[in-house]
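In order, the protein sequences belong to chains A and B. Quick note: the first sequence uses numbering that gives the first Met the number 0, first residue 0, plus one each step. Quick note: the second sequence uses numbering that gives the first Met the number 0, first residue 0, plus one each step.
For the record, the hints were derived by calculation from the structure and aren't laboratory data. Please read these numbers as outputs of a predicted model, since none were measured by experiment.
Where chains are identical, the list cannot tell them apart; a pair therefore holds if satisfied intra-copy or between any two copies.
Okay, derived cross-link-like pairs now, SDA-like style, lysine to any residue, Cα gap no bigger than 20 Å in a straight line:
id, residue 1, residue 2
1, Lys-194, Asp-176
2, Lys-55, Leu-36
3, Lys-185, Phe-195
4, Lys-185, Gln-197
5, Lys-194, Ser-163
6, Lys-157, Ser-210
7, Lys-157, Arg-206
8, Lys-157, Glu-213
9, Lys-67, Ala-78
Number of protein chains: 2
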Amino acid sequence: MSPQKSDRRGLLIILSSPSGAGKSTLAKRLMQWDETLQFSVSATTRAPREGEVNGKDYFFVSEPEFRKWVAAGDMLEHAHVFGNFYGSPKPAVEAAIESGRDVLFDIDWQGAQQIRNSALGPYTLSIFILPPSIPELHRRLVSRGQDDSETIAKRMQKSWDEISHWDGYDYVLVNDDLDETEQKLKTIIQAERLKFAQQPRLSDHVRSLQSQFEDLS
Amino acid sequence: MSPQKSDRRGLLIILSSPSGAGKSTLAKRLMQWDETLQFSVSATTRAPREGEVNGKDYFFVSEPEFRKWVAAGDMLEHAHVFGNFYGSPKPAVEAAIESGRDVLFDIDWQGAQQIRNSALGPYTLSIFILPPSIPELHRRLVSRGQDDSETIAKRMQKSWDEISHWDGYDYVLVNDDLDETEQKLKTIIQAERLKFAQQPRLSDHVRSLQSQFEDLS
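Chain A with its partners taken away, still in its complex shape:
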């Protein structure tokens, strides 16, 4: 079944997980699967890592600039993590969902909670990805080779903090197998798009059935 589109309002699809659980890979695969999906590029005050592209991986902004966005109400959610700010710029998201495109968020539990509690809450589909095991999560962080052991310990603590908020999500998947988890995510997104609440065109269809019924009687 290919992705379907109608004149419905777009969904905010939130993926959360501890880092190392496969979330970024899964997000990339979903973007490849459905070209109508729009990725919400976060803004951050942290410095770019090697290879990261401004506007693609993140919007790299100064702290005063970030604060200006927040003050203007232009961040859908934001948080302070390890001394840096992170947030989801609102204007791009609003434009996408108004035009019926779903937006994919790769954000943590704090961001997910803020979006669920916002005016856009009813249009949210939230999915949490759990790792198969903690040693596996640790192994993945170490094998990245990006961080020293102190930073890895901090990241593991942050991972546990993230995992401990697993139960606030609509769906929770254990990422035992990347292909299987990808397939489950697609199933969930496809089903969500079929929901009554997501299909404003249905009312038109029922109205036309009603006039056909009256013509018949």
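With chain A held as given, fit chain B onto it using these hints.
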């Protein structure tokens, strides 16, 4: 993706539609797709039609017997339609969902509403199938050759009554194409089984992650 099972509680999957919209065919296809699915055979006081098998198509019972079931609280839902009683016997459903099997119901909006409002309401997934058009629905009823024109007129009136309750369901599908609708139903059922609320085993997994994390620290 093949149907998945865990030690979760089963779902009550309700299919409703006006007669002639393809519901029975779709229900049969779902039963073939997933052999763990259990079909809820309704009890009725109406006489069997040619070819109908007691215990398979319906449980054909007398009116006193039917009333005894209702009085004992052993009908999950029941209704009086065209002079006959119809109802879903509760014991078989309870046994199935306790053992983690999903139960499929082919019932009308009144039955769906009664089940949603019952103690089993939270375990319900309800899907309404709309016909592509009223003339098509009429054509299908006529081509069955089962009924005279007066009965068909009564059925069409009942069909409209059914359609007018379309908006109380979790999902609403227009059955333009039987194969496509079948695929959508499978997607919806698969996604529902992945829901947080449907996966009690997840708590065990998170507890084991927690002890692994404590071992690591």
